[in-house]
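**Q** Each chain, letter by letter, is given below.
2 protein chains.
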Amino acid sequence: MVFEITNEFLENLTSLIKANNEKAITKLFKEVHYADVAEVLDEVNFEEAIYIIKLLDSEKTSEILTELEDDIREKILKNLSAQEIADEVGEMDTDDAADIIGELSEERQERVIKAIDDDELAADIKELLSYGEDTAGALMAKELVKVYETWTVAGCMRRIRGQAKDVTRVHSIYVVDKEDKLVGRLSLKDLIIAKSEQHIADILKVKVDAVNVNEDDEEVAKIMAKYDLEAIPVVDDNNVLLGRITIDDIVDVLKEEADKDYQMAAGLTQDVDSDDSILDLTKARLPWLFLGLIGGIGAFIIMEGFQGVFEKYASLFFFTPLIAAMAGNVGVQSSAIIVQGLANDDVKGSINSRLIKEMLLAALNGIILAIFLFLFVWIYEGKINTALAISSSLVIVIIVAGLIGTFVPLFLDKRGIDPAIATGPFITTSNDIFGILIYFMIAKMILGI
Amino acid sequence: MVFEITNEFLENLTSLIKANNEKAITKLFKEVHYADVAEVLDEVNFEEAIYIIKLLDSEKTSEILTELEDDIREKILKNLSAQEIADEVGEMDTDDAADIIGELSEERQERVIKAIDDDELAADIKELLSYGEDTAGALMAKELVKVYETWTVAGCMRRIRGQAKDVTRVHSIYVVDKEDKLVGRLSLKDLIIAKSEQHIADILKVKVDAVNVNEDDEEVAKIMAKYDLEAIPVVDDNNVLLGRITIDDIVDVLKEEADKDYQMAAGLTQDVDSDDSILDLTKARLPWLFLGLIGGIGAFIIMEGFQGVFEKYASLFFFTPLIAAMAGNVGVQSSAIIVQGLANDDVKGSINSRLIKEMLLAALNGIILAIFLFLFVWIYEGKINTALAISSSLVIVIIVAGLIGTFVPLFLDKRGIDPAIATGPFITTSNDIFGILIYFMIAKMILGI
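Chains A and B, in that order, are what the protein sequence lines are.
Note that the first sequence covers residues 1 to 449 in UniProt numbering.
Note that the second sequence covers residues 1 to 449 in UniProt numbering.
Chain A extracted, bound-state conformation (with noise of 0.2 Å):
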């Protein structure tokens, strides 16, 4: 069922394209999926994308449209006008239409609105470019079925059959007073089941979960995981319905945000692909490597200082890549452990119960490794004393690197601060470089230099 771009469709398609041959193009994509063809605009080159985008009909482009990556839907909508891109956006759901406009300059935004035939389509996409990024409002539509407590399910159905129409999707038919305050909800099975003369104040659940305009996307993202629910309508502080947010665009921020954290524990500032430029792919690696040179030389100029050990303790300096990586290793897994836990919602008890846990851990860790270190260095240098000086030190920087891990992340996150941004190359820097600090004060004291 999966379909697949290949040479020969791409190959096809440029031809046919090149002889201008609308039928066929049209012909070609006619069965193809609008997934699939943002897929294949991908792959085009922009004119040719262009040419597609202005050859299908604006009900099937404006759903591709909803669907490329965004560097490409930026190029292609610089090149429509305010009309064409009001053309577009009318054939679409509120949602992805106020994100599609929410995208252009404020001037254009403007012309595009004006542009919209619909007065209530502008309406709706004013208000929901209205509300700020990453709430709630943001995410809804205002697509949605709504029915008065006072209807009777005859009435209900034939009224129903009207609005459905504009609502890909009916998850749950919303019931209202008469000031538009929600008060429960009824599925479409509760009202075939019911006869027709009852009112809808008879049949609807009233436990109805609901989310607050203002609600921050990814605690929604968590309710509707966690109560399995495949819609959740959008209330205003007087629990007045203003649209409603669908599991679809939940499964989009969760995988956003899923991306995103591992992007940033993997060293990488913006949101990249494998397919970018290089130049956008320096600019999201180079931070964080920069903060590892500041770091490698802040180890450099440590190390310089514990010079005159050299000649005695040679053997010191040859293991400080190994205390960085274990110093290094064991931060980014504390870290990571906690920024899960944070995100999930089950890091439960006081900071300092975790970090006396999280002592105890790395404590059990770092003796099991610390043995298997001694009796490396006894037997390979025979150096009981150094073999002593170098195992302990390491369980303590394995400690350290450990409490550091776990603060870290604990402490942003009490700030307000997004914790993810602790883990990756942060607490592998900061960590190293304490790591190496201690590593040569504690040998130097063990062996009384």
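It should be emphasised that the hints constitute simulated quantities derived from the structure, not laboratory data.
Quick reminder that beta carbons are idealized off the backbone N, C-alpha and C, glycines included.
Just so you know, not all the hints are guaranteed correct.
[Unchecked claim] Some chain A residues judged to face chain B by a derived CB distance under 8 Å, without partners named:
1. A266
2. V272
3. L281
4. A314
5. A324
6. N365
7. F372
Place chain B on chain A using the hints.
**A** Chain B only, in chain A's frame:
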């Protein structure tokens, strides 16, 4: 709307349990969503959890059981008889029932299935248990609304009233021919809008996405996310309709997958929560740390081999943490981009073209960083030769690190191994060793030692 577990709530609950006040406890949980009850059970001690499970009625506890954390559910199931478990799963959807029974030992599985009253349910569960882990079959539920193409709309509505009672949410109505082969689908909306004397064959949509029962679950997740599907029918090789997968199960697959990749990148070998025991956390953390230790010992041996260089060029040694950190960071960045690209199916082109792009990218990053490092060493140490040697080797080290980070996940993926394993400590450790070796070799060459 969100239920919060407060200390007062827990204290109140504990004292009610002590007083054996069943009525008050039942009342306490009456309005609480099963997902929230599950969270309460994750918090209280084990005897209290068992007490609550046995007290509440099985319609509610069956839902609670599906939401509990694995380790707690395992303990609770151990304390229930086969008959008690059979009663619980009797209330569940078939997919949840199969998941829970699948967690039991084979011998207990059989006893529980025997204890299920409903023969059809028992057969369904047996069938679901027969599909391989991580396949569409293991994910699907048997509950769905199925109609034959020869029926009329009116007859269909009548029968759906019966079928729909067992189905939590009717996403699509699947249309089959007389051999139960999937031929199309309908929405409830289509049915409501149609005239009652029409035949299903005349109003069905023939385009229906379906997945094979042996399809990989991550692939199913990708398809559903890409095409914005809320449910997808599952068929066997002969296109016979077997079950359906709903989007809420996919949300779980996506979350698990994202968590797994994140933990892999952070150097955790198994799925752990911050609340797991120190022993579990140690088991998850120690393996990669041990790898890091081995890598560190490798770096030690390499550096010892270059010991002779120290007298004249001591500062070379002080830059090894910097070199190792940069090699590690670059490796993690490039492997993370590839791993994520592979997961999102947007790594296109040959391995060679990827490697060339990475080489250019790493060279660009490397040169920018090397210029900075050159200036620092030149100014700080006053030796232009050393500065040149260290900074040129940094460029080479970064390029090699980028190539390793790009090649390893691509290679693993080609061999059918999860490329996510190549991020984090694996790439850091191997790049540490290669980085330090290359660094000393190049520096020695440039300095003519």
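**Q** Each hint: holds or not?
**A** Status of the hints after comparison with the structure:
1. A266: Holds, about 3 Å.
2. V272: holds (7 Å)
3. L281: holds (5 Å)
4. A314: holds (6 Å)
5. A324: OK, holds: A324(A) within 8 Å of chain B, min 5 Å.
6. N365: holds (6 Å)
7. F372: holds (6 Å)
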